[in-house]
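Protein sequence lines correspond, in order, to chains R and A.
If you're matching positions, the first sequence starts at -1 in my numbering and goes up one per residue.
If you're matching positions, the second sequence starts at 94 in my numbering and goes up one per residue.
Since no wrong hints were added, every one of them can be taken at face value.
Where chain R lies over chain A, by a calculated footprint (3+ residues, C-beta under 8 Å): (1) 169 to 181; (2) 188 to 200; (3) 205 to 217; (4) 251 to 265.
FYI, nobody ran anything at the bench for these hints, they're computed from the structure.
Don't be surprised by glycine CBs; every beta carbon is placed ideally from N, CA and C.
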Amino acid sequence: MEYLLHILILICIYIILSLSLNLLVGYTGILSIAHAAFYGVGAYVTALMALRLETPFLLNIVLAVIAAGVFGAVVGIPSLRLKDDYFVIATFAFQIIMFSVLNNLVEFTGGPLGLPGIPQPNIFGYEISTHIEFLILSLLLAGLVYWVSNRIVKSPFGRLLKSIREDEVFVKAVGRDISAAKVKIFIISASLASLAGVIYATYITYIDPTSFTVMESIFIISIVIIGGAANLKGSILGAAFLVALPELLRFIGLPNSIAANVRQILYGALLVIMMMWRPQGFLGEYAFGKSSEDRIHKLGDRSKRGNDA
Amino acid sequence: MLKVSNLNKNFNGVTALKEFSFEMKENEILGMIGPNGAGKTTFFNVLSGFIKPESDKLEFLGKDITNLSSHKIVSSGISRTFQDLRLIRQISVIDNVLLSFNHQTGENFYNILFKQKSWQETEELDKHKALKLLEYAGIKDKAFDLANDLSYGQQKLLSITCCLAADAKLLLLDEPIAGINPEMREKILRIISELPSKGKSAIIIEHDMDFIERICDRVIFMDMGEKISEGTSEEVRNDPKVIEAYLE
Chain R
-1 MEYLLHILIL
9 ICIYIILSLS
19 LNLLVGYTGI
29 LSIAHAAFYG
39 VGAYVTALMA
49 LRLETPFLLN
59 IVLAVIAAGV
69 FGAVVGIPSL
79 RLKDDYFVIA
89 TFAFQIIMFS
99 VLNNLVEFTG
109 GPLGLPGIPQ
119 PNIFGYEIST
129 HIEFLILSLL
139 LAGLVYWVSN
149 RIVKSPFGRL
159 LKSIREDEVF
169 VKAVGRDISA
179 AKVKIFIISA
189 SLASLAGVIY
199 ATYITYIDPT
209 SFTVMESIFI
219 ISIVIIGGAA
229 NLKGSILGAA
239 FLVALPELLR
249 FIGLPNSIAA
259 NVRQILYGAL
269 LVIMMMWRPQ
279 GFLGEYAFGK
289 SSEDRIHKLG
299 DRSKRGNDA
Chain A
94 MLKVSNLNKN
104 FNGVTALKEF
114 SFEMKENEIL
124 GMIGPNGAGK
134 TTFFNVLSGF
144 IKPESDKLEF
154 LGKDITNLSS
164 HKIVSSGISR
174 TFQDLRLIRQ
184 ISVIDNVLLS
194 FNHQTGENFY
204 NILFKQKSWQ
214 ETEELDKHKA
224 LKLLEYAGIK
234 DKAFDLANDL
244 SYGQQKLLSI
254 TCCLAADAKL
264 LLLDEPIAGI
274 NPEMREKILR
284 IISELPSKGK
294 SAIIIEHDMD
304 FIERICDRVI
314 FMDMGEKISE
324 GTSEEVRNDP
334 KVIEAYLE
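Turn these sequences into a full structure, and let the hints guide you.
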C-alpha cells in the first residue's frame, strides 16, 4: 500500500513539473532544458530554510516560488533574446552551472553529500508525515498548478502565447511585445516547477545534486512530448505513464541491475517511436519540432495562392 | 504626419535604400511603385522596426521613432501587412482580430488568476468590436472558422482587418491585391479608399498600376533604393526618369 502511495506522490511531483514545462514548450513553443534546475531551486531553498533558519513550511513554499521566479528572470531576460537553438543552449548552460554550484558549494549545500534530515512539513502545528498525508499535500499542489495553468491557457494571454508559437513576426506586426510575454511565461513556469521541489525535499527528507541534472530535465521534456504538447491533460497522462512504466517492469522480475538499463532503453525507444509516428504525443495539439508550415499542410490546406473560392 | 529623411540601408554592400526621404500628410493614400528589388519592402521593414536603418531619421506624428522596437512603433500608430501573407492560421478568424487589440486586461497574470469575471467582460466587448470589424470587411460569417480555412483573398482581408484592430493611424500594405480575384479586389479597394474618412492613412506597395491610379493621392517611384520620382500617378508615369528606369 505504501509503495502504491509512494508512486502516486512521485506522479504528482512529475505532473507539476510537466504541466509547468508544457506552458513553455507546448504552448509557447520555446524549448528549455533547465527545468530540473528550477525544480532544484525549489528543493534546495525549502531544505536550506528549514534546516538553517527553521522557518515554517508555508513560508518556505512562498520563498521557493519567489527564488525560482527570480532565477527565471535572471536566466530568461538575457537568453530569451536568443533564437531557437541558441536559447536551448543558454538554458543548457544554466542547467550545468546550477548543478556545479549545488555540487561544489559544499559548506552551503552539502555538495555531493547533499542535505540530509530535512524536517517534514508542519502546517499550523499539524505534522505531515504519513504517505497518505503527503499524497494529499501533493494532490493539492498539483491541483493548484493545474488550476493556474488552465486559467493561463484559456485566457487572452494563452492566445498570445500560442500565437507567438505559430508566427512571431505576425504577432510583432500587430504590436504585441513578444519578449515581455516570453519572459513572463518563463518566470511563471520556473516558479511553478519549484513547487515540485518543495514536495520532493520534504517528502524524501534528503536531497543531493544528482536529482536535478540535465537528465532529469530531459525526462520532464519526454513527459511533455509523449503526453502531448499544448495539452494539460496530456501532461498528467504522460507523467502517470512514464513514472509508472518502470515500476511495472519490476513485476516482470528483471534483476535490479538490468531493470535500470532497460528503463533508459525504454524511454529512448518510446521517444523515438513517438517522434516518428505521433509527434504530437498522446493528447497533444502541437507537433513538437515540426515547422508551422508542415502543420498547416496537415490541417488540409484549402487556401492555395491565387485560388479564390 | 510622417517624415522620412535620408534613410540608408545596405545589406553586405548591396544598397537597399539610399538617401531615401519623403513626407506624408494626414489622411493620405500613398502609392509606392518600382521594379522588384527597388527597396520598397525594405522601407516597410525599416519603418515598422523589423530592421534597423543605418543613418537617417523617421518622424511620425512629431515623434522620433527611428530606434523604437516594433511593438512600440505599432503602439505609436503604424501597422503593416506582409507580402507573403502572415496570420495565425491555427486559431479562429476572430481570435486573430482579438490578438491584434493591444492593452488587454486578460493578459495580466493577476487578472487571469483572480479577476476572471473582469477580463471576461472586457473580452466580450472586444469580441463585439472584432465582429464589427469583420462585418465591415465582409467576412463576419467566417468569424469562428480557422484562419487557415479562408480563401487567399479573405486571408488578405483578414490581415488588413488585423491592422485596423491594432488601431493604426498609418497602414503599410505590402501588395494587398496581388494574386486575388476581381471581386475581392473591389472589396479591398473599398476598404482602403475609406481609410481617410476614418482619419487613417496608408502606404501601398503594388505592381497593379490601374489599382494605384484609382486609389492613391500620390505616388513615389523607387529604383535601386532611391526615390526617382514623386507626384500624381500621371506625373510619375510621364516622368522621363521613370520611363528610362523601366527601359534599362
